[in-house]
Amino acid sequence: MTSVTAPLAPAGARGAGPVRPRRTPARRTAGRLVPLVPATALLALFMLGPVVWSFYGSFTNAALTGPNAANPEWVGLENYLQLLSDPNFPKAIWLTVLFVIASAVIGQNVAGLALAMLMRSAVRPVRAVVSTLVVTAWVLPEIVAAFAAYAFFHADGTMNSLLGSVGIAGPDWLFEHPMLAVILANVWRGTAFSMMVYSAAISEVPPEITEAATVDGASAVQRLVWVTLPTIRRSISTNLMLTTLQTLSVFTLIYVMTGGGPGTDSSTLPILAYQEAFKFAQVGYGTAIATVMLVIGAVFSVVYIRSLRPEVD
Amino acid sequence: MAQTTPAASPVPVGVGAGVAVSTPGTAHRRRRPPSVASSDPRSARLLSNVVLVVVGLCFLLPLGWIVLASLDASATLAVRVPEDVTFANYSAVMTPEQTWVPLANSFVLSAGTGLITVVASVLAAYPLSRYRMRFNKPFMYAVLFGTCLPITAMMVPVYSLFVRLNLLDSLPGTTFFMAATSLPMAIWMTKNFMDSVPISLEEAAWTDGASAMTTLRRVVLPLMRPGLAVVFIFVFIQAWGNFFVPFVLLLTPEKQPAAVSIFAFFGQYGSVAYGQLAAYSMLYSLPAVALYVLVSRLSGSSFALAGAVKG
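These protein sequences, in sequence, are chains A and B.
FYI, my numbering numbers position 27 of the first sequence as 27, with every residue one higher than the one before it.
Throughout, my numbering is defined as the position within the second sequence, counted from one, plus 313.
If a hint is listed, it holds; no wrong ones were tucked in.
Partial pick of chain A residues on the chain B-facing surface, computed with a CB cut under 8 Å:
1. Phe46
2. Ser121
3. Leu248
Sample of chain A residues lacking proximity to chain B, with all beta carbon distances greater than 10 Å (derived):
4. Thr24
5. Gln82
6. Val166
7. Glu176
8. His177
9. Trp226
10. Gly261
11. Pro262
12. Asp265
If you're looking for bench data, these hints aren't it; they were derived computationally from the structure.
Virtual Cβ for every residue (Gly too), placed ideally from N, Cα, C.
Just chain B, with the same shape it has in the complex:
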């Protein structure tokens, strides 16, 4: 029963530390490099490298704009090396109302979502992983179905549902909604992590009269701490990057997370203050990128955040 999460595909996806794509066959490849275009290995190898460098440049240019424009005193929309490097863009946006409050909102929203999701999915994963019930299979199918549903498609009905439930513009309401949408994936991941904790340890505790919940807390959870961290970070990054959900559900600027406030900034000053927009983008992206690096180290090369981070 070693299932992988659906979005991570049946094959474990290799994202090693430093996000290098893992290629286990290194020694082998050195002996006989598979050629791509011609039968002469050396020229094929050269060609691959050249093509990759060109592709890399294409990927670099849009990314480079954010970094360079954020340091440019007179940034434009085109990527260029700043004539005078300055941190003025950063100091201009690093005010409480511009950056810190929205970032704090993002943190509350993401951490709350992560916490609710992890607690609910640990509780749900325990019976699904430990007992063999007729209920398990339909539940897991429903969960798998939930991972696939396009959340974007739901936002209009969610809005009118929230109006009805009087939850519009409520941070807790939005947090619970985001937790619910990340639950299917989180239950899958948590159940798979839990399946890999051997049951024999629990049986010893059960014989000593411990209840299921005690065993879960004292025996299972300590053994799957890295797994729980991965699930939490995974959900956190997803919530941190989510624009559409808070954009629709949170209306007061004081409650809006950075994703929404940066869009408002773009609307108001986007056509003039490119440098500041880029600086704000940098500040907002940094936690997500740092957490991704952390999680890819935590999970080694046998697992990746493939899938939902994108959404």
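So that you can see chain A by itself, here it is in the shape it has in the complex:
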């Protein structure tokens, strides 16, 4: 973290700094970096530390209790080989992909975009009330949202009492269709974010363009596909990335609603890592799963940051 360089600030508006003629440029730069120390130390200890520890720990047989907890041994690639032979791991990958694509990429994005577009042609009270409701689901603490979703999809919950009132005996959603339940719950909880991103983006589409398209006889669908979507494509890609990263690490919602079950039928990667480490006390193995997730997250992050590059520079 100390790649301290000695750039003499070009005398621009942001380069001036307090006048300290006595010091050499190198010492001055060092002095200027001092305020970065607390943040850097925290990040190094608690962000970089666990990442490094994760790679290291995934090569040990660390356990939760017993002798292997105090003195874990180096086991090389054993945890990763175990991953490959564990039927729950490919299943967890598949469930994670399903969860991310269905609830984030499709669910939240499409619902968010649709809501943002519908809001524009809605009357004011409807718009205010509906957007408040949508945003409330997102502002609530995650565990409370999880309780609400649990109650909704429970065998004796709201969903089935609604179905019952029209004469349909609903299934036990959390046991028979656990993935469907958690996917819908995550759409319910997370759509607000996409809706806000898209309504801001759409409000910046110049009305002249849409108007010109209308004059040329474009239908509503054509205007959406050929005018609105291309204009807001940057917001779409940013939003896709962010919702993907968020959804990849959803734990509480699934853990409260189904506990990853029945069996491992809704165990996405975060749930599987938690269960292997704390329920089955195989910390080393859980760490290997965590490492895989970190790598996946890092790949997505790099793609995302590259797409943002012009704005950082």
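Once you've looked at the hints, dock chain B against the given chain A.
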């Protein structure tokens, strides 16, 4: 250099006061409402409203359960209007060990996290915003990368790291960890707020011989007070709602925040005392919702808490 925070997306997200989605083109829309499904504007408008009302109901039902069940003497898991409205659920959970101690723990944890984060990110943002150094860009990239890392994925290694460092079940340790995880986003936000404070005022102070830290304290910080409040509240809400981190790192019930104790309550009584669970949820959610309303007023419609509140 008017960057927005990464999670808030490149476009400033409009969350006006009262969380109505802002639509600047109101006057224009009145003239020619963009149709959604058909070319007849009036029926399209009606259709949009109907669809929105249905969607609103879908969002309302799970939320309504919390509110109604908390007031219901014999609450079930299905949403329904209480036959006899009562505050007994609230008075049953409003005991020190059930609610107040965990809420106080939540407050200490969240306020501590917010304070550490704001102090560290103000200090870090100052050189990043005021000096042009070759160090800035890699640092900001690293920070941006940090905002993206899935924290959930780190919790197993964090647990074993905390065992090693002897920090398990320590409130300060957990607070510092949560501060570190919210730092990347906070540094981004703080730097952007600081960038918008004009440097000319500081130059006057520098000429008078004030040091960088004095200038920061006397000139810059007073000018960015609303921004600092936004960052603090943002981090506070995030910490307040965080379940997984304290769930893994804090083991003694007396130290656990409301997020964890409410989960324990759910495990013990969740299958019987639905009304009390809902009442507890209400008490626990209220500060987060109130602070969100406050911050959306503070920041007007040009900025939103998009992103990390969710995590």
